[in-house]
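Following the hints, put chain B with the ligands in place on chain A, whose structure we already have.
Line order of the protein sequences matches chains A and B. Each residue of the first sequence is one higher than the one before, counting from 1 in the working numbering. Each residue of the second sequence is one higher than the one before, counting from 218 in the working numbering.
Everything labelled a hint here was simulated from the structure, so no lab data went into it. All figures in this text were calculated on a predicted structure; none of them were measured in a lab. All C-beta atoms, glycine included, are put in the ideal place defined by N, C-alpha and C. Among the hints, a few may not be true.
Partial list, derived from the structure: chain A residues whose beta carbon lies under 10 Å from chain B [to be verified]:
hint, residue
1, Glu50
2, Arg79
3, Arg104
4, Ile152
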Amino acid sequence: MIEFYNVTYGVDKTPILNNISLRIVKGEFVYLAGASGAGKSTVLSLIYMENLPDEGTVIIDRYSTAKIKQKEIPLLRRRVGVVFQDFRLLMDRTVFENVAFPLRVIGTKSKDIKRKVFRVLAEVNLSHVRNADPAKLSGGEKQRVAIARAVINNPFIVLADEPTGNLDDDSALEIMSIFEKINRQGTAVLMATHNQSLIQRFPHRNLYLNKGYLIKP
Amino acid sequence: MTFWFTLKEGLKGFKRARLATSISIVSVAFALLLLGLFMVFTANVDRLIGDLRSRIELEVFLEPVIEQSVGMKIASEIALMEGVSDTRFISKADAANRFEKQFGRNIYEVLDTNPLPPSVIIHINEGYRKAASVREIAGRIAAIDGVDEVAYQEDLLQVIDKYIHIVYLISGAFGGILLVIAFILLHNTIRLTILARKDIIQIMKLVGAKEAFIRRPFIVEGLLQGLIGGIIANALLWMAVALSRHYFFEAVVFPYIFFAVLVIVGVLIGIISSKMSVSKYLKAVL
Ligand SMILES: Nc1ncnc2c1ncn2[C@@H]1O[C@H](COP(=O)(O)OP(=O)(O)OP(=O)(O)O)[C@@H](O)[C@H]1O
Ligand SMILES: [Mg+2]
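So here's chain A without its partners, still in its complex pose (with noise of 0.2 Å):
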């Protein structure tokens, strides 16, 4: 469950959120549309708590921005899937340890992560490329590993931010799919995005941000 009481955020006195409060309810599907410079990345960024609120509270499960250490922030960011616009691949490794890479930065014994990736690459369709380069690959190849790094460790939530802005409407078709996919296996989704024949096509709950305000609907 996420929720945000009253958040209000900003960069040296230049106000980016402004008493912003919602709630995220345990798998749910999300939309969070707004302008360009609306504030939408910076509302995923203080879920995965990149940034802390200056003011207000944000509580992502069982941690809250007003009592957690520095040092629990990791432990949260494994319950959080992020997944980018620029996808953010290691290209000095292959798909596979590039889904591998969150079991390993927690010292998943080597038999489980084989069995985890496996799984996981089956389910974006990508079991055919595990030992590709990621440079090689297509866009929307590149985000689904992009999707399977994110959820390689079942976080109770995915955020996504702008999934689809560097792909074709094909790709961007087959990762709203995927996207469904993980919902209906119970995952909640959040994903940013101002690509409104996508929000028509796949409806779910939309928070409208409009310069750095929420907009009732």
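The following block gives chain B with the ligands in isolation, referenced to the frame of chain A:
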């Protein structure tokens, strides 16, 4: 499990920033080589000064009229004193022989009698070969009944005592400067290798790696750079010592512990500088 990951990522860092890594290894090797040469130089100066000090001897002149048996008793009394390593009694006859050896003429040809007094030549234990302790020993000997005068090269000892401090001070300062240089060189190149891998750091943070875990591959990398730098420095240092033994001075002192010292210094510099760089970077991006 994470051990292998750490090691692998550390080695990957080597490949990623090959040029920076090579430059850093070479520069650290160079700084450590200078440090090693300097340590060898200091060890040799130290040895030379030790030699000089070991040659210090005191000659205790006894009263000219003293009986030989009394003189020998005084000699054995002196031998038991603190700081004295050994004594040798020179009788009047020995003194006459020594005179003849030194000046080429028999004393009886010059004078009718032998005015040379008997004496005791003494050597000083290693820990007492300083101007102050030798003066103290000489004073105690001078107070013995039957002793006329104690002669030794006080000024030589004073000069050694005075300059040895300067030698140690300069070598300490120079060694310190070299360490700082090695440190800065490594620090800078490690920073480059960190920048070359900031994507990995970002993703590690994103997927919930703890800071200590993120730091570790970089520390391994710094450690390896220091280790390799130290080994190269040792090889070059050994060559330099072998060459100078061959061409200048066969007795060049080279304590083998220096090999270990250079490697350990290299490794420590590598660990500390990489730890500092990556910690600074992690703070900056958090
Ligand atoms: N570190 C920062 N320093 C200064 N300003 C920032 C910083 N991060 C974000 N901003 C500003 O905050 C506002 C919101 O940024 P944000 O990236 O959240 O918008 P967005 O809705 O994700 O936009 P886009 O659709 O273009 O990705 C923008 O005006 C941006 O310039
Ligand atoms: Mg954005």
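Hints, one by one, checked against the model:
Hint status for Glu50 of chain A relative to chain B: holds, with the closest Cβ pair at about 8 Å, below 10 Å. This hint holds: Arg79 of chain A has a C-beta 8 Å from the nearest C-beta of chain B, less than the 10 Å allowed. Hint status for Arg104 of chain A: holds, given a least beta-carbon distance of 5 Å to chain B, under 10 Å. With a least beta-carbon distance of about 9 Å to chain B, the hint placing Ile152 of chain A at the interface is held under the 10 Å criterion.
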